[in-house]
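Visitor: Spelled out from the first residue to the last, the chains are:
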Amino acid sequence: MNNPVMHWQILSKQPDALEKFYSSLFGWQVNSDNPLGYKTVKTGSKSGIDGGIWPIAPNEGHSMVQLFVQVEDVKAYLDKAKNLGGTVVIPPQVLPGGDEMAVLVDPDGIPFAIFKSEKYFPG
Amino acid sequence: MPSRKELSLDEFQVISEWYHSAILELTKIRGFRTDTRWIAKQLDLSPEHVNIAIQRLLRLGFLEMKRREEWLDRSPGVVVPMEVLPEPAQKNIYKQAHELSHLLIEKSPMGAQLHGHAVLALGREQLPEILDLYERFQEKLSKLIEAHPQKDAVYQLIFSLCPLTRPNEEANKKENKEKHLE
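Protein chains in written order, with the numbering used here: chain X, 1 to 123; chain D, 1 to 182.
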């Protein structure tokens, strides 16, 4: 299996403001009707990928964009990443929607997520 | 006394904001739902607040999303001893707990609450012994609660013993003088 980037996620201190901003700017559809209240973003285009918006606390670092890479075995890729110099931020978790996800930081300090999804994403 | 250690921002937030413990305790009650909207409703918080708290708990390894419908409290019993915090931070945490109690007293009928209140004359040197007694009580209480198979609510327990009077310096001086003369 290749490991495609399937999803982007904006970590934001103002998720509601960004929802309004991007939906007004690009006409993206934002929906948070899922168990985590996760703001899924559908661009409505056949090309490119969809994403989401997730809150961070005002005193917790910078707002940023994270990439979500699909893997067939979250634990195996977590170990592989650790051997290559990555560090674990959030160990594997099963989200209420059934996807398995872990968050890591690459050797340059950039956080990213790996996930395994039966369907596709997230919540 | 435990030595001071550097607390991470996550650790500090978890011990200073009540809702982190409340989310962990909520995972143990009957009918718990792995749904931040439901959790937010139970605790009178916004889903965003809950999601931020959940991220902290996940980063610290205190919460595990084991299955779609099962989240587990993986926190150690006492996250960080209060003594590692500077005095203003400790005071702030206890003040917040009391402020929360004010709200909680109003929110539910008296029949759903338990209170104890007493004004006592005591010897200040008894404080460590009293704390020890309270810790043993808390241990017994935890055992009693753990044994119950059908938990259906999360409660806040506060134990506070604060001096109502100023230190009686004159009496102390007199006592010390008498001891000295002996």
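Hints listed in this document are in silico derivations from the structure and should not be mistaken for laboratory results.
Warning: the hint list may mix true and false statements.
[Claimed, not checked] Interface residues of chain D toward chain X, partial, derived using beta-carbon atoms under 10 Å:
no., residue
1, Q42
2, Y94
3, S108
4, M110
5, L114
[Unchecked claim] Quick list of the computed label-pair ranges, beta carbon to beta carbon:
no., chain 1, residue 1, chain 2, residue 2, range
6, D, S160, X, E118, 47 to 55 Å
7, X, K82, D, V119, 54 to 62 Å
8, D, P81, X, T43, 43 to 51 Å
9, D, L141, X, G98, 33 to 41 Å
All C-beta atoms in this analysis are idealised placements derived from N, C-alpha and C, irrespective of residue type, glycine included.
Visitor: Hint by hint, where does the structure go against what was stated? Just the numbers, ascending.
Guide: Violated hints: 1, 2, 3, 4, 5; rest satisfied.
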